[in-house]
Amino acid sequence: MEAFPRITFNPSVMGGKACIRGLRVTASTIVGLLASGRSADEILAAYPYLEREDIDQSLAYAAWRLEEREVPLSLP
Numbered sequence: 002m003e004a005f006p007r008i009t010f011n012p013s014v015m016g017g018k019a020c021i022r023g024l025r026v027t028a029s030t031i032v033g034l035l036a037s038g039r040s041a042d043e044i045l046a047a048y049p050y051l052e053r054e055d056i057d058q059s060l061a062y063a064a065w066r067l068e069e070r071e072v073p074l075s076l077p
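In the numbering used here, each residue carries its 1-based index in the sequence shown increased by 1.
Hint data in this document are derived by calculation from the structure and do not stem from the laboratory. Some hints here could point you the wrong way.
Claimed, not checked - With a straight-line Cα cutoff of 25 Å, these simulated SDA-like cross-link-like pairs (lysine to any residue) come out:
| hint | residue 1 | residue 2 |
| --- | --- | --- |
| 1 | Lys18 | Ile44 |
| 2 | Lys18 | Leu35 |
| 3 | Lys18 | Pro49 |
| 4 | Lys18 | Ser37 |
| 5 | Lys18 | Ser40 |
| 6 | Lys18 | Ser29 |
| 7 | Lys18 | Ala47 |
| 8 | Lys18 | Ala36 |
| 9 | Lys18 | Leu34 |
| 10 | Lys18 | Glu69 |
| 11 | Lys18 | Ala63 |
| 12 | Lys18 | Tyr48 |
| 13 | Lys18 | Phe5 |
| 14 | Lys18 | Ala64 |
| 15 | Lys18 | Ala46 |
| 16 | Lys18 | Gln58 |
| 17 | Lys18 | Pro6 |
| 18 | Lys18 | Arg39 |
| 19 | Lys18 | Ala41 |
| 20 | Lys18 | Ser75 |
| 21 | Lys18 | Val72 |
| 22 | Lys18 | Arg70 |
| 23 | Lys18 | Ala4 |
As the list claims (entries may be wrong) - Label pairs and their calculated CB-CB ranges:
| hint | residue 1 | residue 2 | range |
| --- | --- | --- | --- |
| 24 | Gly38 | Gly17 | 17 to 23 Å |
| 25 | Ser40 | Leu74 | 41 to 47 Å |
| 26 | Arg25 | Ser75 | 38 to 44 Å |
We put the beta carbon where it would ideally sit given N, CA and C, even for glycine.
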């Protein structure tokens with residue numbers, strides 16, 4: 002896995018989803034807000050405990066996940 006130090010996974014936080022720095026904000030929430038037209042400045046105003054690097058790393062993580070490909074180990 003690529004290094005994403007701001008993306009954390011904890012089964013006790015948001016069901017183990019990819020979160021930002023252990024906070025209850027998922028990377029997918031940030032990507033979804035950007036996709037719906039919100040600007041980084043709007044997101045930072047709505048979530049004052051986030052930093053611009055959190056947004057950048059959420060996008061980088063999402064892009065990395067989209068590149069990931071599952072290959073079956075054996076054919077049925």
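Structure-inconsistent hints, enumerated in ascending order: The structure conflicts with hints 20, 24, although it agrees with all the remaining ones.
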